[in-house]
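A.B. asks: The lines below spell out each chain.
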Amino acid sequence: MNGKSIKEITEYLLNVHFWSDEYDESEEERRQTVEQLMRDYPWNDIFNEWNLYLRTKCPASDDVINFMNLFFAYEGYKQIIPDPIGFSAYLYYRLGDRVKESEAQTMADSIVIPVLQHAGLLSKYDTCCAPESDPRIIAAVEALKNESKQ
Amino acid sequence: MGSGVSRSYSGTGGGSQPYANTYSVVSKEMKNDKEDPDIYSPSSGYFHNPNATTLDQALGDDERVYSNGNKAHGKMTYVMDENNNIIFGKRENPNNAAKRAPHPTLIGGKDPKVQCAGMITFDKGRIVSVNNDSGHYRPASKSLDKVYEALNKFQKAHSNAFSPNYKGDR
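Line order of the protein sequences matches chains A and B.
In terms of this note's numbering, the first sequence opens at residue 464 and continues consecutively.
In terms of this note's numbering, the second sequence opens at residue 831 and continues consecutively.
In case anyone wonders, no lab produced these hints; they're calculated from the structure.
Computed from a prediction, not measured in an experiment: that's the story for all the values here.
Treat each hint with caution, since some may be false.
[What the hints assert, rightly or not] Label pairs and their in silico Cβ distance ranges: (1) A/R502 / B/N926: 42 to 52 Å; (2) A/E485 / B/S874: 42 to 52 Å; (3) A/Q542 / B/P924: 27 to 37 Å; (4) A/E498 / B/K983: 53 to 63 Å; (5) B/S857 / A/S483: 16 to 26 Å; (6) B/H988 / A/W506: 28 to 38 Å; (7) A/K563 / B/N990: 29 to 39 Å; (8) A/S586 / B/A927: 18 to 28 Å; (9) B/N990 / A/Q499: 38 to 48 Å; (10) B/H988 / A/E498: 17 to 27 Å.
Ideal Cβ placement from N, Cα and C applies to all residues, glycine included.
Given the sequences, and given the hints that come with them, work out the whole structure.
C.D. replies: Here it is, written out as structure tokens:
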């Protein structure tokens, strides 16, 4: 990828507002960049950078929602996530009550349900569950909240 | 057990229902829903999802598919009703923000029947894929043929509404 690191490519892919003209104008280029990235690097290495971006460069809940929009557009939800509960819980932890809002809820469901299905933690018929009410997710969110208090 | 192809079927097994022209809600799910006033009312049945819309109605002037005023993005529930309409919508439950609106609410009523049901995936207003993942209806995969036929017809008239990644069959 022209000598660029995963970190540099991640910055390009995720440092854009999903609903912007900038994204629309570069959408095809971004799609090809993701495809090439997936060919050139192991998914776990890519995910680690994307996850790091989420945790270090998304200070506001709006940034988390934007991350989810992009993660979905780049088809990250189709991949096997190393720690599916941890990743999902982090999204809900950061969203807080905003998970009740239309866009946040739709995107969280759109990512978390397939992620948990791929990990064998939900069946293909669990399409209308509310993952934020799953006891495993609730426990992991509580752990994150306790961690942040220390 | 056994429905033939000429009438609705509502089975109770853990997998998909045998192929039928139309399907009722799987009895186990209906039983659970009848105990949940946020989903089912004794007088009117399943509430009607206020986000439900047909693909035709959801098409914008830019030939992209819209949901709640924005280009549709993410996975949403869909059904194909008895009149071949593809109806989809976000899963927000207006009665309880902590719950979701299951597939039958896309039509509403006491025994909403469908030809197929599952999840439809959108990428910023363009259709990417459909499947038959519905826990409430569990349609046989053969029922997807009708959905693909309808989508392929829709694509001929509105190609901009489809992602370059859309595949018109399994």
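A.B. asks: Are the hints correct? Go through all of them and say.
C.D. replies: Verification of the hints:
For the hinted restraint 42 to 52 Å between A/R502 and B/N926, the CB-CB distance of approximately 44 Å keeps it satisfied. About 47 Å separates the C-beta atoms of A/E485 and B/S874, a value consistent with the hinted range of 42 to 52 Å. At about 33 Å, the beta-carbon gap between A/Q542 and B/P924 stays in the expected band of 27 to 37 Å. As the Cβ distance of A/E498 to B/K983 is approximately 29 Å, the hint placing it in 53 to 63 Å is violated.
At about 48 Å, the beta-carbon gap between B/S857 and A/S483 misses the expected band of 16 to 26 Å. The hinted range of 28 to 38 Å is satisfied by B/H988 and A/W506, whose Cβ atoms lie roughly 34 Å apart. The given range of 29 to 39 Å is respected by A/K563 and B/N990, whose C-beta atoms sit roughly 33 Å from each other. Evaluation of the 18 to 28 Å hint for A/S586 and B/A927 yields a pass: the beta carbon distance comes to about 24 Å.
The supplied range of 38 to 48 Å is broken by B/N990 and A/Q499, whose beta-carbon atoms lie about 26 Å from each other. At roughly 26 Å, the beta carbons of B/H988 and A/E498 sit within the given window of 17 to 27 Å.
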